[in-house]
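S.K.: Sequence:
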Amino acid sequence: MADRHLIDVHVLLVLDAAVREAEEEVGVHLDPADLRLVHTLHVNGSGPEPRLGLFFEAGRWTGTPTNREPDKCSAVCWFSLDALPDRLIDYPAAGIRAYRTATTFSTRGWARQPVTP
1 MADRHLIDVH
11 VLLVLDAAVR
21 EAEEEVGVHL
31 DPADLRLVHT
41 LHVNGSGPEP
51 RLGLFFEAGR
61 WTGTPTNREP
71 DKCSAVCWFS
81 LDALPDRLID
91 YPAAGIRAYR
101 TATTFSTRGW
111 ARQPVTP
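Numbered per full-length UniProt numbering, the sequence shown spans residues 1 to 117.
Note that these hints are calculated values from the structure, not bench results. Ideal Cβ positions, reconstructed from N, Cα and C, are used throughout, including at glycine. Take these hints with a grain of salt, some might be off.
Heads up, simulated SDA-like pairs for lysine to any residue below, C-alpha to C-alpha not over 25 angstroms straight-line [what the hints assert, rightly or not]: (1) Lys-72 x Asn-44; (2) Lys-72 x Ala-98; (3) Lys-72 x Arg-112.
Restraint-style ranges between C-beta atoms, simulated for each label pair [what the hints assert, rightly or not]: (4) Arg-100 x Gly-27: 34 to 40 angstroms; (5) Asp-31 x Arg-108: 28 to 34 angstroms; (6) Ala-111 x Gly-27: 38 to 44 angstroms; (7) Ala-33 x Ala-111: 37 to 43 angstroms.
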């Protein structure tokens, strides 16, 4: 029972973070109930620390996407998944590629280590 409670709390925190980031970065309002986790990416080498990226699909939103972080992002545009621009940051581009192939988990930048019992 306690494990279930902890999982529920962590899921809510992750969804709250996704909602907050969408508002801060592109100015759209999301309902956590409309988010679906579509990919998890464990990355090493895209920054000073390894990261675990969670990619969500939003079933709906309100507001018009705008670039609210022009110091970090050159533009916010709509693209077909079949015609993405060449100049995407590698880490989110890997998540988008995985989403397109319905791959739910992937890794990048890790040297494969043998598993020892």
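S.K.: To test your reading of the hints: which numbers does this structure violate?
M.R.: Checked against the structure, the hints that fail are numbers 3, 4, while the rest are satisfied.
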